[in-house]
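Just so we're aligned, residue 1 is where the first sequence starts under the numbering used here, counting upward by one.
Since the hints were derived computationally from the structure, they do not count as laboratory data.
Take the hints with a grain of salt, since some may be wrong.
[Said to hold, decoys possible] Heads up, simulated DSS-like pairs for lysine-lysine below, C-alpha to C-alpha not over 30 Å straight-line:
1. LYS242 <-> LYS379
2. LYS378 <-> LYS336
3. LYS121 <-> LYS274
4. LYS59 <-> LYS21
5. LYS379 <-> LYS336
6. LYS336 <-> LYS274
7. LYS241 <-> LYS321
8. LYS274 <-> LYS379
On a predicted model such as this, the values are computed, not experimentally measured, just so you know.
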Amino acid sequence: MFALVDCNNFYVSCERRFNPKLKGRPVVVLSNNDGCAVSRSNEAKALGIEMAAPIFKFKDIVKKHGVVCLSSNYALYGDISRRIMSLFERWTPDVEVYSIDEAFLRFNGKRSESGLEQIAKEIRSTVLQWTGIPVSVGMGITKTLAKAGSKLAKKSESGVMVLAPDKENASHLESLKVEDVWGIGRQYARWLNNHGIHTAIDFRNADEQFIRQKMTVVGHRTLLELRGIECITMELNPPNKKTLCHARSFGRLLESKDEVRESLALYTELAAAKLRGECLVAQSVCVFLETNPFRTQDPQYRPSKTVEFPVPTNITPEILKYALAAFDLIFRPGYKYKKAGILLLELVPEDQAQAELFDNVNRDQANRLMTAMDGINKKHGRETLGFSAGRIRDGWQPKFENRTANYTTSWNGLLVVSS
DNA sequence: TCTGGGGTCCTAGGACCC
DNA sequence: TCTGGGGTCCTAGGACCC
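Kindly produce the complete structure, drawing on both the sequences and the hints.
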């Protein structure tokens, strides 16, 4: 039996945990650069603010109803997430952290429906009491059914939904729209609707070959999982990443080469630090720039350039050298740039990297320097010590106009309680 | 005025190998 | 006139997830 535990309106719930005045009010948390609504309280959903919608489109509603718009605070959400995830081992050792606000749990052995429901309720009440975050719990004999259960749980009074192992569950699956099935996105949902498939039960009963032809083996698996045939297994040891990306929109449109170059240098530094944090090295790097596609009156340019490293590396100055060389090749004046980014590609574990006979970089020395830098930045904040290429000017940073404090990860952010 | 960021997987088709 | 069979690797594009 699988359970899927999903935090309700996670980012908003984290903010409310530290600011009780937000309870009962419409609240949204915005994406980077204060662009889109990525988490909404139930009150904000009720006002019609859509998921991932640019918030300026709702400025009238925001004003009229006093919607609280907060910048995202990933240091806070990441820390709360870790605390929640660490609780699940109380119920089972088989835990897969699926995203910042979701985890799969697996329960072996036979249990009755009421026994399962008891566990689900216990998980819910414990997480709420110990962390202050409300969660929904869905259960089923496959991951896809557990996911379906959690969708249905959100609408239920108890916040839990068990799709019993020995039952058809047809009535439950009938009330789930096909686009709410895990693995079915907008494109497939539209196509399925056109073929008369509207609910999870329609999809479950559809012809396997017909589905496979259009939706490939992936869609076929989803169908079988809804029928209770396990095709998607638990990932108890998360596989290493294959790519790593750091990209940001700018706080304003940039035209000067120096400014775009500086942003890219900083993103490169941060990406390299992430890479070292995961004990990986990259074999190549891709640099890309973007103009603003929504400004159709402006000329558009979206170049990218990939270069191979002579030796797999995670050393910042070495990566910077190649990334900035790639940048110099693709940058063209005369455009208004909105975004820049770097992808580190073909990642492999540090200790499995292929060495190069004619390597002329002193890697021991460079690695010691990186370890020292990472240590200092870990202790005093991630931008304490860095390379000058990314830190000369300041005017291009993304907007975070209404960001709350790092209540749980920084002494300066500690909540002050006054009488 | 204002539109996020980070990932994965699958397939088809072409190049190339023996 | 008749023109094999089996395989790998790479890339672009499209779908999905949060």
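Run the structure past the numbered hints and jot down the numbers of the failing ones, going up.
-> 2, 3 and 5
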